[in-house]
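2 protein chains.
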Amino acid sequence: MDKRIIANIKTLGIDMIHEAESGHPGIVLGAAPILYTLFSRHMCINKDDASWMNRDRFILSAGHGSALLYATFYMAGLGYSLEDLKCFRQINAKTAGHPEYGVSPFVEATTGPLGQGIAMATGMALGGKILGERYQTSDNTKLFDYYVYVLCGDGDLMEGISAEAMSFAGTHQLDNLIVLYDSNQISLDGKTHTTFTENVLQRCAACNWHTIEVDGEDIDAIDLAIQEAKTVNKPTIIQCNTTIGKGSFLEGKNTVHGKPLSIEDIANIKQLHSILDEPFYVDFEAKQTFTDIIYKRSLHKYQKFTDIYHQFILENPEREIELTSFMHNQEISIDEIDFSFPTEEESTRVSNGKVMNEIAKMSPFFLGGSADLSSSTMTYLKDMGDISCHSYLGKNIWFGVREHAMGAILNGLALTNFKVFGSTFLVFSDYLRPAIRLSALMHLSIFYIFTHDSIEVGEDGPTHEPIEQLASLRAIPNTLVFRPCDTREIIGSWKYALKKKCPSIFALSRGNVPLLSSSDIDKVSLGAYVVRKEKQNLSGTIVASGTEVSKAIKVAEMLERENNLFFRVVSMPCLNIFKNMSKSYQQEVLGDTTIFVMEAGSSCGLEGISTSTKTLLTIDTFGRSGKKQDVMKALAFTEEQLKRRILDVYGVKHEK
Amino acid sequence: MDKRIIANIKTLGIDMIHEAESGHPGIVLGAAPILYTLFSRHMCINKDDASWMNRDRFILSAGHGSALLYATFYMAGLGYSLEDLKCFRQINAKTAGHPEYGVSPFVEATTGPLGQGIAMATGMALGGKILGERYQTSDNTKLFDYYVYVLCGDGDLMEGISAEAMSFAGTHQLDNLIVLYDSNQISLDGKTHTTFTENVLQRCAACNWHTIEVDGEDIDAIDLAIQEAKTVNKPTIIQCNTTIGKGSFLEGKNTVHGKPLSIEDIANIKQLHSILDEPFYVDFEAKQTFTDIIYKRSLHKYQKFTDIYHQFILENPEREIELTSFMHNQEISIDEIDFSFPTEEESTRVSNGKVMNEIAKMSPFFLGGSADLSSSTMTYLKDMGDISCHSYLGKNIWFGVREHAMGAILNGLALTNFKVFGSTFLVFSDYLRPAIRLSALMHLSIFYIFTHDSIEVGEDGPTHEPIEQLASLRAIPNTLVFRPCDTREIIGSWKYALKKKCPSIFALSRGNVPLLSSSDIDKVSLGAYVVRKEKQNLSGTIVASGTEVSKAIKVAEMLERENNLFFRVVSMPCLNIFKNMSKSYQQEVLGDTTIFVMEAGSSCGLEGISTSTKTLLTIDTFGRSGKKQDVMKALAFTEEQLKRRILDVYGVKHEK
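Order-wise, the sequence lines are chains A and B. Oh and the first sequence: position 612 is 691 in our numbering, straight run, nothing missing. Oh and the second sequence: position 608 is 687 in our numbering, straight run, nothing missing.
Please keep in mind that the hints were generated in silico from the structure rather than gathered at the bench. Just so you know, nobody snuck in bad clues.
Chain copies aren't distinguished; within one or between two, either way the pair holds.
Derived pair list, reagent style DSS-like, types lysine-lysine, alpha-carbon separation capped at 30 Å:
1. 707 - 332
2. 712 - 722
3. 712 - 579
4. 662 - 693
5. 693 - 580
6. 693 - 578
7. 662 - 722
8. 338 - 712
Work the whole structure out from these sequences, hints included.
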């Protein structure tokens, strides 16, 4: 029966690809036995409750194997109809080209960009360890004890992000993480020996992983390996030696990787597996058997979870609300927090650290860490402990200098209902963009804290001074970039961000800023608002964000005092929000006048607000190394220079 | 004397940091013996000819150790004065906050963003292997036989990019690459054991590296290790066990990493090393000794190189021009190439592949590869061989699924005067942004070929469909993004790009486009130009790029035929160039009318051209999975829909 089920998964997969005229048959034929073994012998997942919190997670890191995944789900009775398979890769289908979280049922994470899956799985496994330690009954029975399984290919392991995540997983002893490595030594461009000759298992062992090697066709061996993995206190990688496109005329060749097979080849494969040569043939007996096996095992675990849950609540009635809110992935509301405000100038990174500490005190699920910069980004949660292999009870994660894995691990934790943040310098946001993009695509509410947000970094020079980062982050769809000017706007940004199903980026300053008398917590939700009204006859408006807001006010004061020009200053903590406000609100805020935009970064994305290129007080060249004031001067960004740049515009107008 | 020199390097380094009130003393005190050993016993570098092509390269991957580097250079007589040291981290100083290529003499690459240095060094080492095999005299003496040395820290090795590069270096047997690993088990946030417990040497061994472990204070041991490294046919990593901030009161603590030391501590360290306690004290005898050692050894090698060079030219007079042009890093001119043009519609990725093959035939130094997507990006150079450990004579590099390392390796090759390209899908440009940023910062002429440049990718879905990538790449300072519409514009883009000291990005289509009768090779240099004139009374202008140009022309034809509206179409192959053209040229091209911008990507950066947000025919949401036409329709991007969106604008106007 095992063989019949595997054969049917394979033929359905290649039929889907044939029908779609698009897809990746190589992995379907090569890795079907691995996926079948995992699902038939290990996965605990409830077909009637896809979001059951203690379900095992399966991540197809090799996301191009989506046909294999959907075919397996179909045969396992997990949320897919034959019609769904027939619509593979068609618009509006559940069976999206690559597995899409929120679109494709039972898909735990959107995958496709290689390496991300392993790293997100690492986050889910870490989440499992945290939950396991947090929620135990009096007899030390864990409420949460799920496993996270990954199927990955050579491509995943070549990506640096997987090396980062695996090193992290090894250090953190994530023994609930089991990676099945589909080792077929073929990638899109050919044999991997041309470029990938490392000893993967040895590399993993060096990173404190348990390693096992098996024949990828031998389901008993795979089963035993998974069993063994569950007995060790390390993450495990099981290298399954497979043949890409097994059974196809193109078996073992890179040409079988990413194109539909010929009709003759499909017929050949079906004959090989004694499957009737008709499109989408289903062996319903096989399907029922597979479905039943999983259901029966899972139901047992599901009921056990329910029992433990009730026992836990009985023993800890005061924690029921917490647990329920977690399982329902409820938003954090910070309306009740009585935040304090600084009495002296301080940097927004420092102010933000204080705000975050208050939020963390209120929500047990608000946690995160830094890519080895917490002493600079100020995101450490004081007196709330660290998360390490010695104890997962804390709230501070030490990601190491691994920005990219940090982003993906945050994705994994958010997919496990944690409210998470990660921090680094704004300029290094470039290192984790692919992970942020996935946060956005999956509608995950994640908080990226990026400090040292402009050339005011000074001495560290251009490699550490962001220029294009604000613009390029704002350009990511479904992403909010906040650049608050003081504590009030920081609080407002958090209030807004915590309610949104999207990643929120906080760009924060290294240098001190004053608490403005006119800043407003609630008006952050408008994207931009007036922080300084013109005294009379509006001469112009300066739109600014972050550190530049207080600077703009000073410039406006100079212009009034020295030049009798009356400027309005608009603080724009979030361009993304402001752009989506009504035209009338935008006009009301900006005024019917010359509009300047002052931001210590790229003009890209700000032209829509600025009256012309001349009124863009921005920086489109790289920064410099030197004292903050000298760098500002070199880039024409001191208050005096900014004032002159504004006056120049009026000078030109005057001459007309 | 060794000790005296090392001591003086250390005290100068901490004096610099004290004077600058900024910098990283930890590595100065911890790694000075390593750097001293390397420079005094191995480096061949000519103080009078910094760009000597056969010099050994040293890359400070841990770029924050710049004070150590400059102090060493000063003591070694390499291009720095005491005054330079006193201006450390000040504006316009040679002694920039992090080592800057082109600013700081003898600095081979800009470093600071961790991990990049190792990967760039990998590129330089690969360059060395290519040169070594290409240029040999009749008795097999290599003209180029330099070594590439790297000093890296824990942070570098945590970054995924270093794992990618090291796996590549191992596979390619870059035995001229020697990494000195300053292993102090401390990073900015604390001890590395919280997050970095892997066995680095074992991991490297798994990647086909030779590994050695030494005491980082023992200069003879370090020397011997480097000698040993030179005897094996693999890259070598030498783990030098050090103590961060050695001799400081803060020795061994993370607090010594990144802040100036106290005056008391500086006095203490000077006393410890018997150095006079005065600022910037120099032991001139020590300085002279160090300078002489390096100079003497290097001069010998330098003269030998000159001899071999002459012998080579004598034996191969026909290759003198080639070699000279290479050593002078001369531009490639393609004016003489007689390119052919397609007679049928074809994708710009295919057209570009043909153009690149022609360029490659002409220049021996034009080479590159793909991150395992050459069969999709079409950048394979036919009949020009592969670069592998078996032979470095070819021109195609197999980077593997390692976009980030690819970018950095390209940087390393470009720093070695090669004219290089790398390719992947546009959406995955996110994986290598930090490397592209360094290409731009270092003014390197590198060609990034990014194909599958829009939602027309279709079935692969949103993970594979770029939206924000064009905008975010255009926002990088000193970077050109070309999105040519056909073969003529591709040729024009190359003509322009090959002459510029900056990275050039080519965004190319998966789908077919026609060769336009009105497209123009030379007008690419204007950034944008008219490809379709309005028949009469200009109704509006559509600015488009790439695939959208022929689409815009069709829409314009429909509008003329069906609605009697007369549209001009402007092709804009390079927004970056167009933005810098004169206002009068811009106005001449765009016309005094309503200006639409049609681009299958983010509106960010295009608002400056478009008349209003309503005239932006762009896509600010993620793509979808489905057939190309269905995806286009879902995102309102079919020709019919685009026409209607344009008519809507006129309808609104009409109603006014």
